[in-house]
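Construct the entire structure; sequences and hints are all you get.
Chains as they are written, first to last, in this note's numbering: chain A, 1 to 111; chain B, 1 to 140.
Calculated directly from the structure, the hints in this document are not laboratory data. Yeah, the Cβ is synthetic: ideal placement off N, Cα and C, and Gly gets one too. Be a bit skeptical, because a hint or two may be false.
[Unchecked claim] Quick list of the computed label-pair ranges, beta carbon to beta carbon: (1) E37/A x R108/B: 40 to 50 Å; (2) L67/B x P91/A: 35 to 45 Å; (3) D135/B x E10/A: 45 to 55 Å; (4) N7/A x T133/B: 56 to 66 Å; (5) S123/B x G77/A: 38 to 48 Å; (6) P105/A x T26/B: 17 to 27 Å; (7) L67/B x E79/A: 39 to 49 Å; (8) T111/B x E79/A: 44 to 54 Å; (9) D43/A x G25/B: 37 to 47 Å; (10) R66/A x V137/B: 18 to 28 Å.
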Amino acid sequence: MAAYSVNGAEIEHDEEGYITDVQQWNRDLAQIIADAEGLEMTDEHWAVVDFLREYYNEYQIAPAVRVLVKAVKKKFGPEKGSNKYLYELFPYGPAKQACKVAGLPKPTGCV
Amino acid sequence: MAEYNFETEGVKKTITFLNRKAPYGTIYALEVLESVLISAAFEQHANIVFVDDGVFQIKKGQDTADLEMKNFLPTYGIIEMEKEDADEDEDMDMNWRIIVEKESMEARGLTPDDFKVTVEVLSSAELADVLATSDAVIGG
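Laid out in structure tokens, this is it:
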């Protein structure tokens, strides 16, 4: 299985780049995945990633997009609380791309 | 061919999700849980009910290591979070109730403190009224 090389450690990922063990995630790894995705990580990107990890840690699944939108709205204000804004941050979709950077499994659902 | 109407704008139903089975061994519990979470996306009213062995779905302290299955008890926390969120948000018209049937709970030696989420305990007769006033009942 292919792996990311992070500070001398090998972290396995699947054929689409999602890491296989959510526990092995760290910020250096997130930066490497973001670079591979062509993402310029801003504070807002990191806030989304942190929220996804906290939510997953508590509930063991990724949040619905509307829950994520609400959380971003709470943190950064109403003008950024939209699905459109999340797509500006993560052009391949807040669910798929942000989850990949956050080290979560690929989302299976559509909501 | 039957004609279906997918116009959902302004549609508001009360759906009762009736959980009757133990969490593992069958796929019912997880499938119903996913249905509940999807109904939140459409801001529908919901009664999430636990009866019979279904009360075990939300019992604290589950260990699924020997089953080699993911423990999805933490995911039930989303139901409570969504309910509280809807209760606090004045713009949201979504009324959720999390209900445990008293007889089922007591027959299994459980109390409300044994559950992962805060529940309303209703007698079988009271629960019958909840079912009777629902637009749809989805059993699992």
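Outcome of the hint check:
For E37/A and R108/B, the hinted distance range of 40 to 50 Å is satisfied, since their beta carbons lie about 49 Å from each other. Checked against the given bound of 35 to 45 Å, the beta carbons of L67/B and P91/A, roughly 39 Å apart, stay inside it. Checking the proposed 45 to 55 Å range against D135/B and E10/A shows it holds: the Cβ atoms sit about 53 Å from each other. Our hint of 56 to 66 Å for N7/A and T133/B holds, since their Cβ atoms are close to 59 Å apart.
For S123/B paired with G77/A, a C-beta distance near 47 Å keeps the hint of 38 to 48 Å intact. Between P105/A and T26/B the beta carbon distance is about 23 Å. The supplied range of 17 to 27 Å therefore holds. The beta-carbon spacing between L67/B and E79/A, approximately 47 Å, falls within the hinted interval of 39 to 49 Å. Range check, T111/B to E79/A: about 47 Å between beta-carbon atoms, so the 44 to 54 Å window is met.
The hint said 37 to 47 Å for the Cβ distance between D43/A and G25/B, and at roughly 46 Å that hint holds. Judged by the Cβ atoms, the range 18 to 28 Å given for R66/A and V137/B holds: they are separated by roughly 25 Å.
In the structure shown, no violation is registered for any of the earlier numbered hints.
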